[in-house]
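Residue numbers (UniProt numbering), protein chains in the order written: chain A, 1 to 583; chain B, 1 to 583.
Worth flagging that the hints you see were computed from the coordinates, not collected in a lab.
Treat the hints with care, as some may be off.
Put simply, identical chains are the same to the list, so a pair is met inside one copy or across any two.
To be verified - Taking lysine-lysine pairs in the DSSO-like style, the calculated list, with each CA pair at most 27 angstroms apart, reads:
{"hint": "1", "residue 1": "456", "residue 2": "438"}
{"hint": "2", "residue 1": "127", "residue 2": "549"}
{"hint": "3", "residue 1": "127", "residue 2": "488"}
Computed from a prediction, not measured in an experiment: that's the story for all the values here.
2 protein chains.
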Amino acid sequence: MPVITFEGVTWDYVPGPSLLDLLRRGRVKVESPCGGKGTCGKCRVLVNGGGPISEEERTFLTDQEIQDGVRLACLCYPQGDLEVRPYGEAERGLTVLEEGDMPPISLDPAVSFRAIKLPIPTLRDGKSLLDHLRSCIGVTEASLSLLRRIPQAFRAQEVTAVSHQGRVIDLIPSEVDDLYGLAVDVGTTTVVVSLVSLSTGKVLGSAGSINPQKDFGLDVISRIHHADSDGGLEDMRSAIVTCLNGLVDQVCVDANVSRDRIYEMAVGCNATMESLLLGIHPGSLGKAPFSPVVREGLSLSAEEVGLTLGNGAMVYCLPGVSAYIGSDIVAGMLVTELEEDRGIRLFIDIGTNGEIVLSINGELSSCSCAAGPALEGMNISCGMRASEGAVESVSLDGSVSFGVIGGVEAVGLCGSGILDVLSEVVRLGMVGKTGRLKEGPLVVDQDGARRLVLQKSPPIEVTQGDIRQVQLARGAILSGFLSLLEAKGLTMDDLDQVLIAGQFGRHLSVESLTGSGLIPKELKDRIRYCGNTSRTGSMMCLLSRSARKRAESLAGQVDYLELSVLEGYDRLFARCLQFEVSR
Amino acid sequence: MPVITFEGVTWDYVPGPSLLDLLRRGRVKVESPCGGKGTCGKCRVLVNGGGPISEEERTFLTDQEIQDGVRLACLCYPQGDLEVRPYGEAERGLTVLEEGDMPPISLDPAVSFRAIKLPIPTLRDGKSLLDHLRSCIGVTEASLSLLRRIPQAFRAQEVTAVSHQGRVIDLIPSEVDDLYGLAVDVGTTTVVVSLVSLSTGKVLGSAGSINPQKDFGLDVISRIHHADSDGGLEDMRSAIVTCLNGLVDQVCVDANVSRDRIYEMAVGCNATMESLLLGIHPGSLGKAPFSPVVREGLSLSAEEVGLTLGNGAMVYCLPGVSAYIGSDIVAGMLVTELEEDRGIRLFIDIGTNGEIVLSINGELSSCSCAAGPALEGMNISCGMRASEGAVESVSLDGSVSFGVIGGVEAVGLCGSGILDVLSEVVRLGMVGKTGRLKEGPLVVDQDGARRLVLQKSPPIEVTQGDIRQVQLARGAILSGFLSLLEAKGLTMDDLDQVLIAGQFGRHLSVESLTGSGLIPKELKDRIRYCGNTSRTGSMMCLLSRSARKRAESLAGQVDYLELSVLEGYDRLFARCLQFEVSR
Numbered sequence: 001m002p003v004i005t006f007e008g009v010t011w012d013y014v015p016g017p018s019l020l021d022l023l024r025r026g027r028v029k030v031e032s033p034c035g036g037k038g039t040c041g042k043c044r045v046l047v048n049g050g051g052p053i054s055e056e057e058r059t060f061l062t063d064q065e066i067q068d069g070v071r072l073a074c075l076c077y078p079q080g081d082l083e084v085r086p087y088g089e090a091e092r093g094l095t096v097l098e099e100g101d102m103p104p105i106s107l108d109p110a111v112s113f114r115a116i117k118l119p120i121p122t123l124r125d126g127k128s129l130l131d132h133l134r135s136c137i138g139v140t141e142a143s144l145s146l147l148r149r150i151p152q153a154f155r156a157q158e159v160t161a162v163s164h165q166g167r168v169i170d171l172i173p174s175e176v177d178d179l180y181g182l183a184v185d186v187g188t189t190t191v192v193v194s195l196v197s198l199s200t201g202k203v204l205g206s207a208g209s210i211n212p213q214k215d216f217g218l219d220v221i222s223r224i225h226h227a228d229s230d231g232g233l234e235d236m237r238s239a240i241v242t243c244l245n246g247l248v249d250q251v252c253v254d255a256n257v258s259r260d261r262i263y264e265m266a267v268g269c270n271a272t273m274e275s276l277l278l279g280i281h282p283g284s285l286g287k288a289p290f291s292p293v294v295r296e297g298l299s300l301s302a303e304e305v306g307l308t309l310g311n312g313a314m315v316y317c318l319p320g321v322s323a324y325i326g327s328d329i330v331a332g333m334l335v336t337e338l339e340e341d342r343g344i345r346l347f348i349d350i351g352t353n354g355e356i357v358l359s360i361n362g363e364l365s366s367c368s369c370a371a372g373p374a375l376e377g378m379n380i381s382c383g384m385r386a387s388e389g390a391v392e393s394v395s396l397d398g399s400v401s402f403g404v405i406g407g408v409e410a411v412g413l414c415g416s417g418i419l420d421v422l423s424e425v426v427r428l429g430m431v432g433k434t435g436r437l438k439e440g441p442l443v444v445d446q447d448g449a450r451r452l453v454l455q456k457s458p459p460i461e462v463t464q465g466d467i468r469q470v471q472l473a474r475g476a477i478l479s480g481f482l483s484l485l486e487a488k489g490l491t492m493d494d495l496d497q498v499l500i501a502g503q504f505g506r507h508l509s510v511e512s513l514t515g516s517g518l519i520p521k522e523l524k525d526r527i528r529y530c531g532n533t534s535r536t537g538s539m540m541c542l543l544s545r546s547a548r549k550r551a552e553s554l555a556g557q558v559d560y561l562e563l564s565v566l567e568g569y570d571r572l573f574a575r576c577l578q579f580e581v582s583r
Numbered sequence: 001m002p003v004i005t006f007e008g009v010t011w012d013y014v015p016g017p018s019l020l021d022l023l024r025r026g027r028v029k030v031e032s033p034c035g036g037k038g039t040c041g042k043c044r045v046l047v048n049g050g051g052p053i054s055e056e057e058r059t060f061l062t063d064q065e066i067q068d069g070v071r072l073a074c075l076c077y078p079q080g081d082l083e084v085r086p087y088g089e090a091e092r093g094l095t096v097l098e099e100g101d102m103p104p105i106s107l108d109p110a111v112s113f114r115a116i117k118l119p120i121p122t123l124r125d126g127k128s129l130l131d132h133l134r135s136c137i138g139v140t141e142a143s144l145s146l147l148r149r150i151p152q153a154f155r156a157q158e159v160t161a162v163s164h165q166g167r168v169i170d171l172i173p174s175e176v177d178d179l180y181g182l183a184v185d186v187g188t189t190t191v192v193v194s195l196v197s198l199s200t201g202k203v204l205g206s207a208g209s210i211n212p213q214k215d216f217g218l219d220v221i222s223r224i225h226h227a228d229s230d231g232g233l234e235d236m237r238s239a240i241v242t243c244l245n246g247l248v249d250q251v252c253v254d255a256n257v258s259r260d261r262i263y264e265m266a267v268g269c270n271a272t273m274e275s276l277l278l279g280i281h282p283g284s285l286g287k288a289p290f291s292p293v294v295r296e297g298l299s300l301s302a303e304e305v306g307l308t309l310g311n312g313a314m315v316y317c318l319p320g321v322s323a324y325i326g327s328d329i330v331a332g333m334l335v336t337e338l339e340e341d342r343g344i345r346l347f348i349d350i351g352t353n354g355e356i357v358l359s360i361n362g363e364l365s366s367c368s369c370a371a372g373p374a375l376e377g378m379n380i381s382c383g384m385r386a387s388e389g390a391v392e393s394v395s396l397d398g399s400v401s402f403g404v405i406g407g408v409e410a411v412g413l414c415g416s417g418i419l420d421v422l423s424e425v426v427r428l429g430m431v432g433k434t435g436r437l438k439e440g441p442l443v444v445d446q447d448g449a450r451r452l453v454l455q456k457s458p459p460i461e462v463t464q465g466d467i468r469q470v471q472l473a474r475g476a477i478l479s480g481f482l483s484l485l486e487a488k489g490l491t492m493d494d495l496d497q498v499l500i501a502g503q504f505g506r507h508l509s510v511e512s513l514t515g516s517g518l519i520p521k522e523l524k525d526r527i528r529y530c531g532n533t534s535r536t537g538s539m540m541c542l543l544s545r546s547a548r549k550r551a552e553s554l555a556g557q558v559d560y561l562e563l564s565v566l567e568g569y570d571r572l573f574a575r576c577l578q579f580e581v582s583r
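So here's chain A without its partners, still in its complex pose (with noise of 0.2 angstroms):
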């Protein structure tokens, strides 16, 4: 494949789109105004390898331009290897987004702000106070929250309106630079909240944490069980909600922000997790026909969701596709632009529960699998998510070394450092083709129990059970995907790319995805990690209007396949256990 260069980073690319949208794609922001029609001629770049110039291209540049390489990025359709450069003033409007893989997006969030100078009422103007705010503003409702607003927002007669929708929420008593947003996932095992400003749409913290419903169950069918518990809704309500709170505070002292400034917080999870944040019995995902209570895109109050945040804010739960295809997989198809003809891509969110898309030239259809939480650190002796101090990446050749996140002491293995752990024992030999521990120089037996010990101290172990677990898990998601493409008459030859989303942090790597069995190693050079896809898709809804509409679209599009009444789905799933499959 050909590739792209740009400031250092290269990346390959199937020949087609224009050289905007190449770019867009390697996470280079380029100004486009027109949209990248052709017709307002900013997106001027340097290009060494960029092929033939249209005429309609020439129209745009000066001859000069042309000798020094300058082209327009969305009339110039590269074929071969190419270098980019930024040019002249379009430099500035060029940067590398800091954040995982996201399409491009037009910043055109829910949320806007404009300052506004309210005027002074008189004796005989006959008008309240809302009525003079709609002078300045036009109709909007008259909610209690902006009501409350009003007699402070007359006092200091300058002030900031804040709308969503174009539906004023608050009246910030004085001018401010900029609003912010959240964009999140809410995992069945772990939590992230992103800070992101609303008029860069830069992100500006994360914070992560366990979803502390752990306590409730481990899995969504626990959880769903527990809510017929008696309180057992609310307490698990009450206590995401606690926990959500207390991540924005933590980016927000991060950030150096003010909660009362973020006006909006954009949600990707399972259909589970949604009800259990919005206090909704979730009994109907646990037994069948498995009907969620909501499908479609939700906006609440922030308040009545339990949330503290700014005057009027706003909750966006993005929409899901059924009970087991939640809003968190209609994010990744988002980040993944999956409805695009793009040949045959599968896509696979692992996490506690696995989420696995098909895209034939844009068809979409859809399975999952409950893989449990081990890949996310949970329910492991040593396990943790990813953050600082957990093993993210493992190699056993000869002796032990660990890549451990933020580069302190080992306290804990993460999904990835796990997965690791598993495509080395694989690879060196050290289990069996049923995963059992051979004897070996790291193996400890102990209370009649094998153990691989990694550290000594803080221990850092690896228990045959914990490898049952990632087996499972792995018989899951692989038995799911290798249904799903049986079921529509493909083989692994005919996919074009294997997309990998979950919460692995930044370094899950092509071989302990293929060495530990997760993803066959024919797939090998066909595979791309995406990250906390759960997460960017929020952010794109955060951040675009267009991209909310197109996750409302895209959620309407998929097809679902039951696993669990597939037949011959059972002896799969068994022999997907063992280590070396193929089919």
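We have chain A already, so just place chain B on it with the hints.
Same frame as chain A, but now just chain B:
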């Protein structure tokens, strides 16, 4: 004037309207499905003295019926005295309404309900429970409070859907016969709550109390100031919300109704009370240019306001006119149909604030004055609100005799009792022109202060200070309405009717109004007492969406006269403090 007699009750009327309208004004409910359009023929009544029968009316009646004296009330236009009795089947629809002077309304509350049967979801329908619900009830907003009710509703299957203005707000997991609403008057000094059936319009019970905000100031101005103190606004807000929740408890227990079945509260009150109830800082009401934060009618979530009612229940705050002509007065205009062309009418709402509206053939102008809480039984040594044990009438002829609410031992004086005392001391010459108590049989001098001892134990006394308080209230109201008349170039002779509203219970006498000098004696025959029109008008809005529309329209039709800037007002006020005043 000719009179109508119905089941022992007689009232006079001005010829012009149909008998249907005249009966309704006399609080007689007549079934009339077509709304009085002369098409359904259902409003048959037996009439003695109804005058000639039109050809149109004849087409609905048999010869026998005409011979028996049957008339169609909507097509009968009486001119003289007549006697009306129920007729045939229609008899069942004829009831005398229990509550105050309420003009006819169509029973069309904002809250409606209907039984529905929810479908059983299947594995292959791919719908959410909300989708299924919408297939039964049509498009509706996905509010959080509704979503939380869906799981239980689908378990019950046969449910009652409750709507507010067409938006579904609750799903009750059973069939129900009736739902309820609350008509509320929040006065500066007293609060009254009535529980009303939404399907019959019948009042099921009422409860009242002193407004607990009195601890923060006796009049609106002192409460507005208190809102500036630390926590002051929230203290006052939570005091009135707690009080209302308590009164709702009381009426629900008394009527054996679950508060979960109450879906709307309609509230009439002055602009300051509205601000304090809603937690909106009232500062702008307390200083020029006296702008209210909001004037329009508000539909707010009861939960957001802090009231514990049915799931998704709403609060409707009636529209107001200005800072000092609040929604309580709009309610009063609604009840008295003040915008109609029925001559020159004066409406006076006697409360801690006195508000006066003049209708010149439907053209409305208003003024307001600070009367103080004396006429509501507050700030008076033995004062109390009009409830059990309150002296509501007093005669000092020879000996002291009381009329006591509930027929129990007298424990204090309510507004009408105090007015009666004043009326009596004036009539018997026990006070001078300035209001000073003269020496006499009931008058005692003690600790340098003079007082009238009406009962020894429990002591019921009226001090010289109490008389001053009532005198001030009287002076404020009297000077207010005289100023308003003068501003419009009218004299008392021009007035066709004086409508008195207030929290006086049901026994305010014309004698005490004129005897105390609150209303000049020459208006004696034109006075009509309308009761607590703030509560009654709220009830109309609760029960009728068209009444709500009328209220919104009325609120925009009223001119306001600011007394304090009027030349000669202070002189007039001083004159009005004296007894036997005339102008």
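For each hint, the structure was consulted:
no. : hint       : in the structure
1   : 456 to 438 : within (20 angstroms within a copy, 102 angstroms between copies)
2   : 127 to 549 : between (39 angstroms within a copy, 20 angstroms between copies)
3   : 127 to 488 : between (66 angstroms within a copy, 23 angstroms between copies)
Hint compliance for this structure: no hint is broken.
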